[in-house]
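**Q** Construct the entire structure; sequences and hints are all you get.
Number of protein chains: 2
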Amino acid sequence: MIKMTALILKTNDFESILITKAQDSWVWDTDGKKYLDCVSGTWTCNLGHKHSKVLQDMKKQMDDIIHRCMRFHTPTTLKAAEQVLNFLPNKYDKITFLNSGSEAMEFAISFARNVRDKTKILSLKDSYLGAFGVAKESSYTSTKASKLKIPYPECDSANCNCLDDFDTLIDHIMENYSSELACFVLEPIMVSGGIHKACNKFISKLCRQLQNVGVLVIANEVTTGFGRSGLRFGHQHFDINPDIVVMGKALGNGYPVSAIATRSALESKLSHSNYYYAQSHQLDPLGTAVANSVVGVFKDEQIIEKSQDKIKQFNTFFKSLSYPFIKEVRSYGMIFGIQIQPVEGKTCKELILEIKDALLEEGVLIGISLGKELLRLLPSLTITDDDLEFFKKKFVKVLDKVE
Amino acid sequence: MIKMTALILKTNDFESILITKAQDSWVWDTDGKKYLDCVSGTWTCNLGHKHSKVLQDMKKQMDDIIHRCMRFHTPTTLKAAEQVLNFLPNKYDKITFLNSGSEAMEFAISFARNVRDKTKILSLKDSYLGAFGVAKESSYTSTKASKLKIPYPECDSANCNCLDDFDTLIDHIMENYSSELACFVLEPIMVSGGIHKACNKFISKLCRQLQNVGVLVIANEVTTGFGRSGLRFGHQHFDINPDIVVMGKALGNGYPVSAIATRSALESKLSHSNYYYAQSHQLDPLGTAVANSVVGVFKDEQIIEKSQDKIKQFNTFFKSLSYPFIKEVRSYGMIFGIQIQPVEGKTCKELILEIKDALLEEGVLIGISLGKELLRLLPSLTITDDDLEFFKKKFVKVLDKVE
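Residue numbers (the working numbering), protein chains in the order written: chain A, 2 to 404; chain B, 2 to 404.
Rather than coming from a laboratory, the hints here were simulated on the basis of the structure. C-beta atoms are modelled at their ideal positions from N, C-alpha and C, and glycine is treated no differently. Check before you lean on any hint, since a few could be wrong.
[What the hints assert, rightly or not] 27 Å max Cα-Cα, derived DSS-like pairs, lysine-lysine:
{"no.": "1", "chain 1": "B", "residue 1": "Lys35", "chain 2": "B", "residue 2": "Lys54"}
{"no.": "2", "chain 1": "A", "residue 1": "Lys61", "chain 2": "B", "residue 2": "Lys54"}
{"no.": "3", "chain 1": "A", "residue 1": "Lys61", "chain 2": "B", "residue 2": "Lys22"}
{"no.": "4", "chain 1": "A", "residue 1": "Lys35", "chain 2": "B", "residue 2": "Lys60"}
{"no.": "5", "chain 1": "A", "residue 1": "Lys357", "chain 2": "A", "residue 2": "Lys35"}
{"no.": "6", "chain 1": "A", "residue 1": "Lys61", "chain 2": "B", "residue 2": "Lys34"}
{"no.": "7", "chain 1": "A", "residue 1": "Lys300", "chain 2": "B", "residue 2": "Lys60"}
{"no.": "8", "chain 1": "B", "residue 1": "Lys394", "chain 2": "B", "residue 2": "Lys373"}
{"no.": "9", "chain 1": "A", "residue 1": "Lys80", "chain 2": "B", "residue 2": "Lys22"}
[As the list claims (entries may be wrong)] Counterexamples of contact, computed for chain A against chain B with all Cβ distances above 12 Å:
{"no.": "10", "residue": "Cys39"}
{"no.": "11", "residue": "Lys60"}
{"no.": "12", "residue": "Ala146"}
{"no.": "13", "residue": "Ser158"}
{"no.": "14", "residue": "Asn201"}
{"no.": "15", "residue": "Gln237"}
{"no.": "16", "residue": "Lys300"}
{"no.": "17", "residue": "Val330"}
{"no.": "18", "residue": "Arg331"}
{"no.": "19", "residue": "Gly346"}
{"no.": "20", "residue": "Leu352"}
{"no.": "21", "residue": "Glu390"}
{"no.": "22", "residue": "Lys393"}
{"no.": "23", "residue": "Lys402"}
**A** The structure is reproduced here in structure tokens:
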């Protein structure tokens, strides 16, 4: 079967292990060996793999209707719309559902461009917006539109002096670019881009000034939404009120569904009263049933509230580590980044791959970024105490062996 | 509940009926009234809604694993890869799976641009490529890149003289554009664009000449794939051998999964050996289990072979119709377009909306295009004789009443 992996286009680096089963924070390979999944699939299963209530609701929906002609609404979709809108920290009264976070971001940018009748997109230099299109061009991974990917002060203090240095940047943007901008897209925690968070004072002032002149603020909550950053949504770390909130990943807990929430006051500004968008699966009953179920579980089981203790335990553990190759640990909620530095005889890349492989051997699956020289962990919010103990034991065992 | 529809962004025109159940070629509204779905959802359910084998395989997969970290393959994905590649009429040895047809088209174009190190895209003027990005710009719905959306002769004859008039266009393209082209994207039957099919001689010669100088030919099979056009794939209506085949819609029969098939010889030409693409759900076990199941059903149940008789029955019926407001009927496989023309006192728009609404009242759901002045039907390939009789009776009843 392993030979058949040659049939798959090499879109990224693949491991040689074949995964065949998943439950909660665990996945199993074809030999029956199990691994603690510390990346929640592809950062999506905030509720753990195959949450029983979500699985049950999904099967129930499948017995009724999976998909329908896009000209029709289904009761499931309307329930999901209300459920998701009510879950957002600010008031939004319009929503639509698509498949992927990237598609949702592309939709949001296109919406903003239409409302504003401007094309340019502002973003922070380390942010990731999407896998294709304008979102990709506005991401740190692309060299395009580089003038509009701005630096930012990084701090977590309420009494910082960040604006002393960055006020001039805000002035510069307002003077030179604001009249051409459709939107500013904020990834509240820049996870792909290295796990960074901009200063609240800077972001709040920038958003306020941009919104004063009509530039839309879009919160990219694809990765940071649904408790991942410790709060319901990542933009709650800032004193801002985004015009559009883009959701993906955790909204489907493994199922491909994404959403864009905004306000009727903005929709009414669209240059076409009918903002035509056609995609086979927009507003599909199965996808929206999953979204409805997932958000219901977040509320009913107080997932985010209960995850706070685990977040603390992880932080206490990571802060206790002292190894020459660990430069720094950065964390926001259930997002952990361990910055690696070279040691005598070993590059960052060698260290990262060695640790990743040794952990896999020990039954622990972590994320890595060779470019950002990071070990990256985004465990499920529902990780158990036993899972956490297993993780700590294995992590220390592996790090102790690195020479 | 109807009030809650105000929460949904108006991305397209919505009907006021709420759909709540689907089975085979039928859907039910919240009052229990049933409708014959003559558009297969959003042109996706070629096997009918909730095909029992697909539903069963889906639930079985859900009990094992839905989603996993994108660094890992699953046995299901590898089986689907082999299954889909074997189902294609020409030989391809590389594939990947994404969520939507639009995303797959965007991926294919990006792949072609990378292989060729050129950016321009050629397409036929009535073709539709996707809902966003470059694919959208290359669609008939956009005014961008209009020089590269070319006219074409439309014929179904093997002994046509189309090239007499269109040879110069091929020469013009080869001389002026071929060196800048990344790819030519062919939608074999242009369904959104009005149900048109270009002449085989023209397309075959164009593709041959373009491929001779290295331009990639991409078959957009999102709508036309999996028996929709009467053959397995729409590009089999032409004597061509595409470099890339893009699949969506029917591949998931209602589930959001799409695919791109190509060849290792092309992948090896990518300027980066690792063509990085990151999307939460690429190669997901659930989506690929659905694709594997769907293609299995197409083979095992000889869906396409068996649909030929129904296609004939539809054609015989449509050809028997004689109404002053019907200008022409165009059909390819299970794709039917009834071109409407104005009659005294009624515009095309009025006629189309009247017929669509009256059919809905009678329990028949059809598609329409006001822009193209078409009634459009894409029934399931599994439509039964009884369903067909119901359709014919209701259709005649409604058309007879149009004054």
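**Q** Each hint should be assessed against the structure and marked as holding or not.
**A** Tested hints:
no. : hint                  : verdict
1   : B:Lys35 <-> B:Lys54   : holds (23 Å)
2   : A:Lys61 <-> B:Lys54   : holds (17 Å)
3   : A:Lys61 <-> B:Lys22   : holds (11 Å)
4   : A:Lys35 <-> B:Lys60   : holds (22 Å)
5   : A:Lys357 <-> A:Lys35  : holds (16 Å)
6   : A:Lys61 <-> B:Lys34   : holds (21 Å)
7   : A:Lys300 <-> B:Lys60  : holds (26 Å)
8   : B:Lys394 <-> B:Lys373 : holds (26 Å)
9   : A:Lys80 <-> B:Lys22   : holds (16 Å)
10  : Cys39                 : violated (9 Å)
11  : Lys60                 : violated (6 Å)
12  : Ala146                : holds (15 Å)
13  : Ser158                : holds (33 Å)
14  : Asn201                : holds (28 Å)
15  : Gln237                : holds (22 Å)
16  : Lys300                : holds (18 Å)
17  : Val330                : holds (21 Å)
18  : Arg331                : holds (21 Å)
19  : Gly346                : holds (27 Å)
20  : Leu352                : holds (18 Å)
21  : Glu390                : holds (22 Å)
22  : Lys393                : holds (21 Å)
23  : Lys402                : holds (22 Å)
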